[in-house]
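K.L.:
Could you put together the complete structure from these sequences and hints?
Next come the chains, spelled out residue by residue.
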Amino acid sequence: MRRSQGTGKEVARLNLLAETLLGGVLVGAIYSLVAAGLSLIRGVMGLVNFAQGEFMVLGMYLSYWAYTLWGVDPLVSLLAVALVLFAVGFLVYQILIERVIVGPPIAQILATFGLSIFLANLALFVWGPEYRAISGSMASGTTTLLGVPLSVAKLIAGLGSALVCALLYAFLKYTRFGKAVQATSMNRTSATLMGINTNRINAVTFGIGAACAGIAGALISNFYYVYPGVGSVFINMAFVAMIIGGVGNVVGAFFGGLIIGVIELLASVYVDPVLKYPIIFGIYFLVIFCKPKGVFVR
Amino acid sequence: MVANHSTNQTPMEPPVSRLTGYRWRIVGVILLLCLGLVLAPAIINNMFFLHVMIMVFLFGGLGEAWNVIGGYAGQVSLGHTIFFGIGAYSSVMCFKLWGITPWIGGLIIGGAIAALVAALIGLPSFRLTGIFFTITSIALGETARILFLNWKWVGGSIGLELPILGTSWAAMQFRSKVPYYYITLGFTVFSALVVYILSRCRIGYYLRSLKEDEEAARSLGIDTRRYKLIAVMISAYLTAMGGALYAQYLRYIDPNVVISYSISIRICLVVICGGVATVLGPVLGSALLISLAEYSRALMGGGGRGVDLLVYGLLLMIVVVFKPGGIIRIGQKRTPTGKRVSV
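Respectively, the protein sequence lines represent chains A and B.
Under this note's numbering, the very last position in the first sequence is 298; numbers go up by exactly one each time.
Under this note's numbering, the very last position in the second sequence is 1343; numbers go up by exactly one each time.
No lab work stands behind these hints, which were simulated from the structure alone.
Values in this document were obtained by computation on a predicted structure and should not be read as measured data.
Glycine is no exception: its CB is placed at the ideal position from the N, C-alpha and C atoms.
Certain hints may be false.
[Stated by the list, open to error] Calculated Cβ distances over 10 Å to all of chain A for the following chain B residues:
no.	residue
1	Met1047
2	Leu1120
3	Trp1153
4	Ala1298
5	Leu1299
[Unchecked claim] To be clear about the criterion: a stretch of chain B counts as covered by chain A if any three or more of its residues have a C-beta under 8 Å from a C-beta of chain A, and this derived list gives those stretches:
no.	stretch
6	1128–1141
7	1314–1321
[As the list claims (entries may be wrong)] A short, non-exhaustive set of chain A residues, derived as facing chain B with CB atoms under 7 Å:
no.	residue
8	Pro105
9	Ile106
10	Ala107
11	Ile117
12	Phe281
P.N.:
If you want it as structure tokens, here you go:
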């Protein structure tokens, strides 16, 4: 009798662990997608885009309004959101980034930082500080995966993010344009000499980075609250993921995101939810001071 | 080569006299402004005007403090709210626990603690450069906020309230806003003087040189890490003073008020928009941005919906693209070398 009770507890504990790990991987995949865009931009043009979180917020609001006003499901409007965010990123590059890209690094930090403040408070000004949520979309309800109960929205968001990361990787690895992006990231001068229009590569890369954030936003709008300040939560996690994975390394950023997601959930389940960010920042400090090139580099 | 050629042709005398004339004019304008500011409360007895001026002076002084490390040394910190919070908390805690007057508890003990913390943080952080230093400072600020939110001894998320004692110079509490006006004015003048002296002595030149090219500065024998540490300690001390004054003015503090990312942003923006690595830039930036923020908040009523930060963000982008030296450099010619002034 006591024995079966013991195993019952054991099973419950294992279930909790499995749930935590799986949830962590799914949340982590979203961080991965935001971080991959961040890392790609940094790799190609040496600029860290502070406004990446706000691009994500924009994606969230777009899919929220498409659903609320026209009844278009977030999963349906996903592609349109990605295209809009790509256009936004492309334009932002043409209007703002191109002017500071040759300037001192501090000007680059401040330009995207100003953009981030501007967009976050524009969202606050236009849509107000209310927490909004989508209910009753296609991705609702729960399912079980490997015996672990999960919300469908989270499952789709996690798997979708991972899929987009894989597509991004394939794009960089196998297409002609992707190879040009890689070449620019390796050596800008040589790439220019090889006839690559590096300025256009920059603009398109910035657009792709913004689209990554937009897709992440659209995917999480199914289960996450939509409010103007949500971007800062995700950008911090994406920074940490990027640093862990090694700056400019898209694959590294992907695994960095997964690590952060798992740590976040483990910390909030087994330590204390309020301490999850200090723990993650602690890991960030450890990595940046001890292994500034990322944990995957020998 | 071209620049050399032209300087050889023109005699030395005119530029020097023009420079001193220009400088005298600036000194005159500053003296007149100071006189006006000292007399202002006697003439304009409007509570809201006084409040705006107090905030302008406070952020002017904080901007000067940030300018030491962010402007002259070129290390863009977005975590200065840590030092601000330390100043505010030291002042209130010293008074509540041991009855130490805020003049000592905030302006001296708080500053000293902040300088010590700055040194401890700076030692590892100054190995990082550019964006990584900035991101790390954000992460440090957020970590500090969360730790203070959960630190019961300092009131946690409930915060701390100062006992209301009416008007008392020893407790730095006043019913009227006028004394706060003069105290914060004094803070700005003090900070600006510190920056003025720093910018004209050896350390100021060291900081500027390491900002332009750290490798070159080090190869000339400048111990760049040591001077960055000195700079951040001075900056932290002054920032903590501002934090203490703010706590005395509000009489209530909690981590979300005094250790928030938005305070770091405001401190930094005041300097960037006003003019980095100048003595008057931060004050000018504060006069423009903070009064804009306070008046727009009053105009939009209550929430204000972040319209001030909206304008800040827009202004920051415009300044970075069109006038990287800040608004104070509008109308100024380019530097004698013809080089762009780096932000």
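K.L.:
Decide, hint by hint, whether the structure agrees.
P.N.:
Verification of the supplied hints:
1. Met1047: holds (27 Å)
2. Leu1120: holds (13 Å)
3. Trp1153: holds (16 Å)
4. Ala1298: holds (16 Å)
5. Leu1299: Correct as stated: the minimum Cβ-Cβ distance to chain A is 13 Å, above 10 Å.
6. 1128–1141: holds (count 10)
7. 1314–1321: Holds: 6 residues of the stretch 1314–1321 of chain B have a Cβ under 8 Å from chain A.
8. Pro105: At 5 Å from the nearest chain B Cβ, proline 105 (chain A) passes the 7 Å test, so the hint holds.
9. Ile106: Check passed: Cβ of isoleucine 106 (chain A) comes within 5 Å of chain B, closer than 7 Å.
10. Ala107: Given a least distance of 5 Å, the restraint on alanine 107 (chain A) holds.
11. Ile117: holds (3 Å)
12. Phe281: This hint holds: phenylalanine 281 (chain A) lies near chain B, its Cβ roughly 5 Å from the closest one there, short of 7 Å.
In terms of the numbered hints stated before, the structure departs from none.
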